[in-house]
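A.B. asks: These are the residues of each chain, in order.
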Amino acid sequence: KAGVTQTPRYLIKTRGQQVTLSCSPISGHRSVSWYQQTPGQGLQFLFEYFSETQRNKGNFPGRFSGRQFSNSRSEMNVSTLELGDSALYLCASSLRPVGQGARMNTEAFFGQGTRLTVV
Amino acid sequence: GQQVMQIPQYQHVQEGEDFTTYCNSSTTLSNIQWYKQRPGGHPVFLIQLVKSGEVKKQKRLTFQFGEAKKNSSLHITATQTTDVGTYFCAGVVYTGNQFYFGTGTSLTVIP
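Residue numbers (our numbering), protein chains in the order written: chain A, 1 to 119; chain B, 1001 to 1111.
No lab work stands behind these hints, which were simulated from the structure alone. There could be a bad hint or two in this list.
Listed next, with one range per pair, are the computed distances between beta-carbon atoms [stated by the list, open to error]:
id : chain 1 : residue 1 : chain 2 : residue 2 : range
1  : B       : G1053     : A       : Q41       : 30 to 36 Å
2  : A       : I12       : B       : I1047     : 32 to 38 Å
3  : B       : K1056     : A       : I12       : 24 to 30 Å
4  : B       : T1077     : A       : E82       : 41 to 47 Å
5  : B       : R1038     : A       : Q18       : 30 to 36 Å
6  : B       : S1030     : A       : F60       : 21 to 27 Å
7  : B       : V1084     : A       : Q41       : 20 to 26 Å
8  : A       : Q44       : B       : D1018     : 26 to 32 Å
9  : A       : R67       : B       : D1018     : 42 to 48 Å
10 : A       : G40       : B       : Q1014     : 26 to 32 Å
11 : B       : R1038     : A       : G16       : 42 to 48 Å
12 : A       : Q18       : B       : E1067     : 30 to 36 Å
13 : A       : S79       : B       : T1081     : 42 to 48 Å
14 : A       : S79       : B       : Q1014     : 44 to 50 Å
Subject to a maximum C-alpha distance of 35 Å in a straight line, what follows is the list of computed DSBU-like cross-link-like pairs (lysine-lysine) [what the hints assert, rightly or not]:
id : chain 1 : residue 1 : chain 2 : residue 2
15 : B       : K1056     : A       : K13
16 : A       : K57       : B       : K1070
17 : A       : K13       : B       : K1036
18 : A       : K57       : B       : K1056
19 : B       : K1070     : B       : K1057
20 : A       : K57       : B       : K1036
Where is the CB? At the ideal position from N, CA and C, for every residue including glycine.
Okay, chain A solo, but in the shape it has when bound (with noise of 0.2 Å):
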């Protein structure tokens, strides 16, 4: 079956403006979760969404938003960007939402990653 698909895969913008980023996930994958990996803070937890819900918010500023559709294909926005912002940006998606059950397998499948440079 189809991996997670994330478009685009690399993107250019100038600080200030805005950008938004798409990840579908595997089908039947209800729970998609974003992250932010630099290479000196590794991958930081962004947003998690389970059946068009947010679950759980990580420690970013308001800039960073995110949504999620009823076929659970995901969005996530970035405004006003900042230098600081240029990183890899990983969505995952999983069967079951992160931390449902222990011992539940909740493995996340990770798309190939939006390359986003703030110039």
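Starting from the structure of chain A, add chain B where the hints point.
C.D. replies: For chain B alone, coordinates are given in the frame of chain A:
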């Protein structure tokens, strides 16, 4: 706040040598997962551990979850060049609903 640290941050080994990365959490975890990310790639799931003291093996890889469920380790026996990449642990705290990813260990294997 919750933190998951990994050591070492970098490791260079000769092909054939063993490798171990350690993951330590500031709080008790309900489960822990391990992921591998090849250079230029995305994280790929390796395994999930749930029980206290659990040990699982995948060919040359051995994963362990500590008795207190606050630490974990990944050991690779006789490394190969295909083992190159960054290894991340990701823990979930009890009643929590997010992964806390470790800082990662970057493994370089010298042929």
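A.B. asks: Each of the hints needs a verdict: does it hold here or not?
C.D. replies: Going down the list of hints, with the structure as the test:
G1053 (chain B) and Q41 (chain A) have their C-beta atoms about 32 Å apart, which keeps the hinted 30 to 36 Å range intact. With their beta carbons about 37 Å apart, I12 (chain A) and I1047 (chain B) fall inside the hinted range of 32 to 38 Å. A beta carbon spacing of about 42 Å between K1056 (chain B) and I12 (chain A) contradicts the range 24 to 30 Å that was offered as a hint. For T1077 (chain B) and E82 (chain A), the hinted distance range of 41 to 47 Å is satisfied, since their beta carbons lie about 45 Å from each other.
Checked against the given bound of 30 to 36 Å, the beta carbons of R1038 (chain B) and Q18 (chain A), roughly 31 Å apart, stay inside it. Take S1030 (chain B) and F60 (chain A): their Cβ atoms lie about 24 Å apart, and the range 21 to 27 Å holds. Look at V1084 (chain B) against Q41 (chain A): about 22 Å separates their beta carbons, and that is inside 20 to 26 Å. The beta-carbon spacing between Q44 (chain A) and D1018 (chain B), approximately 31 Å, falls within the hinted interval of 26 to 32 Å.
With their beta carbons about 46 Å apart, R67 (chain A) and D1018 (chain B) fall inside the hinted range of 42 to 48 Å. At roughly 29 Å, the beta-carbon separation of G40 (chain A) and Q1014 (chain B) lies within the given 26 to 32 Å, and the hint holds. Judged by the Cβ atoms, the range 42 to 48 Å given for R1038 (chain B) and G16 (chain A) is violated: they are separated by roughly 35 Å. A C-beta distance of roughly 48 Å is found between Q18 (chain A) and E1067 (chain B), which places it outside the suggested range of 30 to 36 Å.
One distance hint, 42 to 48 Å for the beta-carbon pair S79 (chain A) and T1081 (chain B), holds here, with the actual separation near 43 Å. Distance hint check for S79 (chain A) and Q1014 (chain B): the Cβ-Cβ separation is about 49 Å, which falls inside the suggested range of 44 to 50 Å. Distance check on the hinted pair: K1056 (chain B) and K13 (chain A) sit about 45 Å apart at the alpha-carbon level, beyond 35 Å; violated. Under the criterion of a C-alpha separation no larger than 35 Å, the hint pairing K57 (chain A) with K1070 (chain B) is consistent with the structure, at around 23 Å.
For the given pair, K13 (chain A) sits about 29 Å from K1036 (chain B) by alpha-carbon distance, which is consistent with the 35 Å threshold. Restraint check: the Cα-Cα separation between K57 (chain A) and K1056 (chain B) comes to about 32 Å, which is no more than 35 Å; the hinted pair holds. At most 35 Å may separate the alpha-carbon atoms for a hinted pair to count; K1070 (chain B) and K1057 (chain B) meet this at roughly 20 Å. Annotation: proposed proximity of K57 (chain A) to K1036 (chain B) holds, straight-line Cα distance about 24 Å (limit 35 Å).
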